[in-house]
Amino acid sequence: MGETPSPAHGFPGRLLIFEGLDGSGKSTQAALIGKWLAAQGYRVFSTEWNSSELVSSVIKRGKKKGLLTPTTFSLLHATDFADRFERRILPPLRAGYLVVCDRYAYTAFVRDAARGCDPDWVRTIYSFAPRPDLAFYFRVPVATTLRRKLASRQKINYYEAGMDLGLSDDLEESYQKFQTRLKREYERIAQADRFTVIDSSRPVEEIQRVLREHIRPMLENFPTGAALTHDG
Amino acid sequence: MTGRTYGTRLPGMPPSALRGRLIVIEGADGSGRTTEVALLKERLEVEGHAVVDTGLRRSDLVSAEIDRAKQGHTLGAATMALLYAVDFADQLENKIVPALAAGSTVLADRYIYTLMARAVARGASRAWAQELYAFALRPELIVFLEARPEILLHRAIGKYGSLDYWESGMDLCLSRDLFESFFLYQDRLSREFEWMRGHYGFELVDANHTPEQVHDDVLRLVAPLYGFAPPTPGSEPSRREPRRPASRAASA
Chain A
1 MGETPSPAHG
11 FPGRLLIFEG
21 LDGSGKSTQA
31 ALIGKWLAAQ
41 GYRVFSTEWN
51 SSELVSSVIK
61 RGKKKGLLTP
71 TTFSLLHATD
81 FADRFERRIL
91 PPLRAGYLVV
101 CDRYAYTAFV
111 RDAARGCDPD
121 WVRTIYSFAP
131 RPDLAFYFRV
141 PVATTLRRKL
151 ASRQKINYYE
161 AGMDLGLSDD
171 LEESYQKFQT
181 RLKREYERIA
191 QADRFTVIDS
201 SRPVEEIQRV
211 LREHIRPMLE
221 NFPTGAALTH
231 DG
Chain B
1 MTGRTYGTRL
11 PGMPPSALRG
21 RLIVIEGADG
31 SGRTTEVALL
41 KERLEVEGHA
51 VVDTGLRRSD
61 LVSAEIDRAK
71 QGHTLGAATM
81 ALLYAVDFAD
91 QLENKIVPAL
101 AAGSTVLADR
111 YIYTLMARAV
121 ARGASRAWAQ
131 ELYAFALRPE
141 LIVFLEARPE
151 ILLHRAIGKY
161 GSLDYWESGM
171 DLCLSRDLFE
181 SFFLYQDRLS
191 REFEWMRGHY
201 GFELVDANHT
211 PEQVHDDVLR
221 LVAPLYGFAP
231 PTPGSEPSRR
241 EPRRPASRAA
251 SA
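Chains A and B are the protein sequences, given in the same order.
Counting with this note's numbering, you get residues 1 to 232 for the letters of the first sequence.
Counting with this note's numbering, you get residues 1 to 252 for the letters of the second sequence.
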């Protein structure tokens with residue numbers, strides 16, 4: 001998988017990851033998959049990007065003050081991810097959970113590449129994060145994500161528009177340019193790392209059905225929570 | 001300085017060559033680094049050079065988080081190493097590079113080598129640690145102050161009144177005994193420094209001696225870069241001596 005492959009984890013759990021642009025619908029789908037797996041009695045642990053307490057305050061402060069450069073931005077997100085990985089993802093993976101990640105290290109690869117960091121350097125830094133067992137990439141046109149964002153009256157924030165890169169003074173235009181860069185990088189990685197590509201323009205139910213079909217083979221002989229906690 | 005790094009390009013780095021010199025003073029806690037940095041800064045300024053000194057864990061960005069992390073949170077090896085790397089990158093980009101671009105000499109009281117040794121001592125792979133800091137600028141001179149562990153121990157106790165938890169590597173659980181842990185941890189670090197010495201080209205200075213002697217030895221390494229006269233063996237380094245008649249006679 002990919003140019004600088006991360007090792008397979010070799011733990012009893014399984015790692016499922018959902019990647020794609022903001023507004024590609026991956027979070028909705030990841031949440032539904034989590035519900036579906038739990039309803040079947042599996043031990044499930046779900047996690048999102050950028051949720052560690054340790055550095056989220058630094059990231060916020062750094063962003064607000066405009067103190068961050070591509071390198072510190074990249075390293076801060078790596079720190080955040082490492083903390084979340086070592087503290088929250090690794091233990092359930094070792095304990096035999098199905099770990100569902102709404103974004104994984106690939107989000108960093110894509111963003112850092114778009115900010116001009118050396119892709120090989122970024123990959124190596126994240127080499128503590130093992131290769132996922134299943135990876136889904138939600139393909140969506142950039143125009144669609146912008147439309148969804150505006151329709152839901154969400155504000156476009158400075159960094160997700162890549163305003164720090166000086167692509168344009170206009171927030172919407174910068175957003176489009178930056179998200180296009182991200183998309184290009186996602187497409188490249190999805191192919192190199194052989195992600196399962198999901199067409200985001202399909203209805204929610206249909207996407208969910210496709211995802212479940214892809215996940216089902218992995219669940220054969222995978223122990224449920226009851227099997228993990230009781231004999232017989 | 002050419003602005004060359006250890007491998008990775010630094011995005012947004014000024015493309016022109018950096019005019020100043022980066023000099024690194026490395027060594028264990030108690031090796032006399034900080035004293036030497038102060039002496040060297042003074043001397044270089046007397047020689048007419050602008051000097052900016054810098055150390056680890058002094059950036060505004062994350063120093064509070066590092067302190068907080070040390071006070072209680074148990075952080076994994078990768079997380080801790082990365083947190084220090086953020087701090088280093090912030091200083092490199094916001095302090096070291098601008099100073100070098102302006103033509104100042106930057107004296108670094110420790111650099112990536114200490115950070116790498118600590119990360120490896122805590123379980124990170126050497127290859128990973130090296131790649132992590134591949135964005136760091138290559139210094140023009142790396143001086144390593146080497147002192148015996150017993151001497152470090154006595155200086156540490158003299159300085160803090162006891163042994164520091166972190167400098168003794170107590171978080172590694174090598175031993176429950178602070179004293180024993182100190183030696184085990186320093187041994188791990190020095191093994192890593194020993195490897196780096198060849199790989200990165202450290203200039204070794206015997207730091208078991210007095211600060212004055214150490215300073216003389218460091219000046220002998222630094223003087224050729226700036227073209228001032230290195231101290232002669234046995235002379236008082238901090239005093240600027242008038243030229244002796246003997247040297248005039250020799251040049252005549």
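What the hints contain is simulated information worked out from the structure, not anything from laboratory work.
Ideal Cβ positions, reconstructed from N, Cα and C, are used throughout, including at glycine.
Take the hints with a grain of salt, since some may be wrong.
Stated by the list, open to error - Quick list of in silico lysine-lysine cross-link-like pairs, DSSO-like style, CA-CA up to 27 Å:
1) A/Lys35 to A/Lys177
2) B/Lys70 to A/Lys60
3) A/Lys183 to A/Lys149
4) B/Lys41 to B/Lys95
5) A/Lys60 to B/Lys41
6) A/Lys183 to A/Lys63
7) A/Lys63 to B/Lys70
8) A/Lys63 to B/Lys95
9) A/Lys177 to A/Lys149
10) A/Lys183 to A/Lys155
11) A/Lys155 to A/Lys177
12) A/Lys63 to A/Lys155
Said to hold, decoys possible - Covered, in the sense of this in silico footprint (three residues per stretch, anywhere, with C-beta under 8 Å from a C-beta of chain A), are these stretches of chain B:
13) 45-54
14) 82-89
To be verified - Reference excerpt, derived from the structure (chain B facing chain A, CB under 8 Å, subset only):
15) Arg4
16) Thr8
17) Pro11
18) Gly12
19) Leu61
20) Val62
21) Ile66
22) Gly76
23) Thr79
24) Leu163
25) Asp164
Hints, verified against the model:
1. A/Lys35 to A/Lys177: Measuring from Cα to Cα gives roughly 35 Å; hence the hint is violated.
2. B/Lys70 to A/Lys60: Roughly 21 Å separates the two Cα atoms, so the pair holds.
3. A/Lys183 to A/Lys149: holds (16 Å)
4. B/Lys41 to B/Lys95: Answer holds: B/Lys41 to B/Lys95 is near 16 Å, not above 27 Å.
5. A/Lys60 to B/Lys41: violated (36 Å)
6. A/Lys183 to A/Lys63: holds (23 Å)
7. A/Lys63 to B/Lys70: This hinted pair holds, its Cα atoms lying about 24 Å apart.
8. A/Lys63 to B/Lys95: Holds, at roughly 19 Å.
9. A/Lys177 to A/Lys149: It holds: about 15 Å lies between the C-alpha atoms, which stays within 27 Å.
10. A/Lys183 to A/Lys155: Holds, because 20 Å separates the two Cα atoms, which is no more than 27 Å.
11. A/Lys155 to A/Lys177: Cα-Cα ~17 Å, so holds.
12. A/Lys63 to A/Lys155: holds (16 Å)
13. 45-54: violated (count 0)
14. 82-89: holds (count 5)
15. Arg4: violated (14 Å)
16. Thr8: This interface hint holds because 4 Å falls under the 8 Å limit.
17. Pro11: The hint holds - B/Pro11 has a Cβ within 8 Å of chain A, the shortest such distance being about 4 Å.
18. Gly12: Cβ of B/Gly12 sits 6 Å from chain A, so the hint holds.
19. Leu61: holds (6 Å)
20. Val62: At about 5 Å, which falls below the 8 Å cut-off, the nearest Cβ of chain A leaves the hint on B/Val62 intact, so it holds.
21. Ile66: Given a least distance of 10 Å, the restraint on B/Ile66 is violated.
22. Gly76: holds (3 Å)
23. Thr79: holds (4 Å)
24. Leu163: This hint is violated: B/Leu163 lies away from chain A, its Cβ roughly 27 Å from the closest one there, beyond 8 Å.
25. Asp164: Check failed: Cβ of B/Asp164 comes no nearer than 23 Å to chain A, outside 8 Å.
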